[in-house]
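Chains A and B are the protein sequences, given in the same order. In this text, residue positions in the first sequence follow this note's numbering: the first is 461, and each later residue adds one. In this text, residue positions in the second sequence follow this note's numbering: the first is 461, and each later residue adds one.
Worth double-checking, as some hints may not be accurate.
No distinction is drawn between identical chains; accordingly, a pair holds when it is met within one copy or between any pair of copies.
Unchecked claim - Straight-line Cα separation of at most 27 Å, DSSO-like style, residue types lysine-lysine; simulated pairs:
| no. | residue 1 | residue 2 |
| --- | --- | --- |
| 1 | K551 | K592 |
| 2 | K524 | K535 |
| 3 | K592 | K535 |
| 4 | K695 | K678 |
Because the hints were derived from the structure by calculation, they are not lab data. Given the structure is predicted, the values throughout are model-derived calculations rather than measurements.
Residue-level listing of the chains:
There are 2 protein chains.
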Amino acid sequence: MRKPNKRVAVLSPIAWRTPPRQYGAWETVASNITEGLVARGWDVTLFASGDSVTRAHLHAVVDKGYEEDSTVDPKVAEYLHISEAFEQAGKFDLIHSHCDFMALTYSQLVRTPVLTTIHGFSSPQILPIYHKYRDGYFVSVSDSDRATGLNYLATVYNGIDLSLYPFQDRRGEDLVFLGRIHPDKGVHLAIEVARLSGMRLIIAGIVQDEVYFREQIKSHLDDQNILYIGPVDVKGKNELFARARALLHLNTIPERFGLVLVEANAAGVPVIAMDLGSCREVIKDGETGFLVNNVAEAARVLGRISEIDGRACRIRVQQNFSINTMVDGYERVYSTIFDLEGRRRS
Amino acid sequence: MRKPNKRVAVLSPIAWRTPPRQYGAWETVASNITEGLVARGWDVTLFASGDSVTRAHLHAVVDKGYEEDSTVDPKVAEYLHISEAFEQAGKFDLIHSHCDFMALTYSQLVRTPVLTTIHGFSSPQILPIYHKYRDGYFVSVSDSDRATGLNYLATVYNGIDLSLYPFQDRRGEDLVFLGRIHPDKGVHLAIEVARLSGMRLIIAGIVQDEVYFREQIKSHLDDQNILYIGPVDVKGKNELFARARALLHLNTIPERFGLVLVEANAAGVPVIAMDLGSCREVIKDGETGFLVNNVAEAARVLGRISEIDGRACRIRVQQNFSINTMVDGYERVYSTIFDLEGRRRS
Numbered sequence: 461m462r463k464p465n466k467r468v469a470v471l472s473p474i475a476w477r478t479p480p481r482q483y484g485a486w487e488t489v490a491s492n493i494t495e496g497l498v499a500r501g502w503d504v505t506l507f508a509s510g511d512s513v514t515r516a517h518l519h520a521v522v523d524k525g526y527e528e529d530s531t532v533d534p535k536v537a538e539y540l541h542i543s544e545a546f547e548q549a550g551k552f553d554l555i556h557s558h559c560d561f562m563a564l565t566y567s568q569l570v571r572t573p574v575l576t577t578i579h580g581f582s583s584p585q586i587l588p589i590y591h592k593y594r595d596g597y598f599v600s601v602s603d604s605d606r607a608t609g610l611n612y613l614a615t616v617y618n619g620i621d622l623s624l625y626p627f628q629d630r631r632g633e634d635l636v637f638l639g640r641i642h643p644d645k646g647v648h649l650a651i652e653v654a655r656l657s658g659m660r661l662i663i664a665g666i667v668q669d670e671v672y673f674r675e676q677i678k679s680h681l682d683d684q685n686i687l688y689i690g691p692v693d694v695k696g697k698n699e700l701f702a703r704a705r706a707l708l709h710l711n712t713i714p715e716r717f718g719l720v721l722v723e724a725n726a727a728g729v730p731v732i733a734m735d736l737g738s739c740r741e742v743i744k745d746g747e748t749g750f751l752v753n754n755v756a757e758a759a760r761v762l763g764r765i766s767e768i769d770g771r772a773c774r775i776r777v778q779q780n781f782s783i784n785t786m787v788d789g790y791e792r793v794y795s796t797i798f799d800l801e802g803r804r805r806s
Numbered sequence: 461m462r463k464p465n466k467r468v469a470v471l472s473p474i475a476w477r478t479p480p481r482q483y484g485a486w487e488t489v490a491s492n493i494t495e496g497l498v499a500r501g502w503d504v505t506l507f508a509s510g511d512s513v514t515r516a517h518l519h520a521v522v523d524k525g526y527e528e529d530s531t532v533d534p535k536v537a538e539y540l541h542i543s544e545a546f547e548q549a550g551k552f553d554l555i556h557s558h559c560d561f562m563a564l565t566y567s568q569l570v571r572t573p574v575l576t577t578i579h580g581f582s583s584p585q586i587l588p589i590y591h592k593y594r595d596g597y598f599v600s601v602s603d604s605d606r607a608t609g610l611n612y613l614a615t616v617y618n619g620i621d622l623s624l625y626p627f628q629d630r631r632g633e634d635l636v637f638l639g640r641i642h643p644d645k646g647v648h649l650a651i652e653v654a655r656l657s658g659m660r661l662i663i664a665g666i667v668q669d670e671v672y673f674r675e676q677i678k679s680h681l682d683d684q685n686i687l688y689i690g691p692v693d694v695k696g697k698n699e700l701f702a703r704a705r706a707l708l709h710l711n712t713i714p715e716r717f718g719l720v721l722v723e724a725n726a727a728g729v730p731v732i733a734m735d736l737g738s739c740r741e742v743i744k745d746g747e748t749g750f751l752v753n754n755v756a757e758a759a760r761v762l763g764r765i766s767e768i769d770g771r772a773c774r775i776r777v778q779q780n781f782s783i784n785t786m787v788d789g790y791e792r793v794y795s796t797i798f799d800l801e802g803r804r805r806s
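The following block holds chain A by itself, in its conformation from the complex (with noise of 0.2 Å):
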């Protein structure tokens, strides 16, 4: 790799600081992948919110995430930051943008190549954004989170920071969910397992679907069976996987990546998680976690949790989900990239 003489631009959303606090998946890999940059030597300028921490340039038009400050419109936040790195295009070798399809919008206007990770397909409204961008570079997390006649140049899976999750040797007695509170995720299938085996069940993550909360979530907690914890933080996370027999993930549609679950198998946690989307990826299926199709499959395999070595789990992330094998895919495309863009230009 040509790192020395090669500038590259990271634009991190702005929803939440990068990285993030508490959620804040985008942030985090955004985060992962400009600490792993810097840490190999590469110049890197990172596009985020003012209060963000890293080892690279900072490079701030907004002092924290629209998500974290009510004076913020994030409208205004979003066109005045995503803007900027593009202004200041001139200064890269590559602007690497995470932020989704308003960053493609200006990406025919410099010359500077734009690389476009691509971290979910909110709706299918956006797609037009992306077909018209299709010969752009792109990334997907996942090999199941593609669209259709895009240019992409690798599936990159999500790496995370493995010394923020230590092994824990022990397995905790209870059931886990970590994410948004949302019906994508599923959590009242979390609940339904955990009445069905007869297990504690602690739920933690922004509440995102106030509804879905209200109506299908509160009136199942108790307190002492079924508990909301709220958000949590990296520490939170930790003592929740320190407690956990099995992280229940039953998603309703297709996960795109799933960073929770590599995050509770770098604790040595088994995940079982519904088999749509990229769970079959993430998890391997006996190995690492189970994959079901339904509540009575998840409660089922939970008679067989036992047999999923912590130590397993935690060498597959290792190997397959650590900011290192994210850094070494990314510097791939990065010199996939350069040697296009050189012949492009020779």
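We have chain A already, so just place chain B on it with the hints.
Chain B alone, transformed into the frame defined by chain A:
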């Protein structure tokens, strides 16, 4: 003017069709500028929704306005629409934007000069973007609606197509409110004036603030003295003007321009307007209506409404707020920009 060899892109909003079927002041003005320029021989490309009606070249990437098509995501449509114009920038000598702060964020990525007509500052939260791009080219739609520090080249008053609002010699008997149903527009104050004066009030316009309509307007509607007839098109407006003794426009925040005041005056209808913002630029007190400071004053001046000569109202519109006067204004601004750009490059 050097019309023949200059190509202008007019970037209209895509909330509604250009021109709009009913409500849509920004699209109305963008349309009037476009058609006025075309009538004078300019080569104009209108960037607007695909169903727009124009004698200019129409360039559209979104079929219908996002307010008229529930399948469209407004954010996606706006990014797609605005960036398209900037990607085509090389074809134009000037981009004349009516797309607020969003379009500004693309302006430094192209060589083509960008003129922004500021149709109003929707909130102080958008000012950081205006301040960042303060050295661009700006036009205000009234002297009163200006932010400090921006490079304003002129105030160009909005102009209407007078042929759409023919003069009506006979005055009606009712009070008329025409505009968005929103507290900013003082519909509740118009109702108070109707009560005080014992006159009938006809309210027309889109309900923009549902809570306001439900809590402060609806209970007053009685199908007899206070009527709400929904949004109206040009034909509906003229029917209202035929019934109007006066138009009530008791805005509670500074008006930015007030297109409906001009439309009413064009038809010969006097306007009673709150003396806030642009109203004193649009209405000449005692000649084309009355400027008031409260409901009591509004009710009082109704007793003097016959002093207002409908023909004087129309003449003032012809002389100050017609498509012709507006296009005169913009031609002067364009000329200034071409001179400045020419000097910058030489």
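Hints violated by the structure (listed by number, smallest first) = When the structure is compared with the hints, none of them turns out to be violated.
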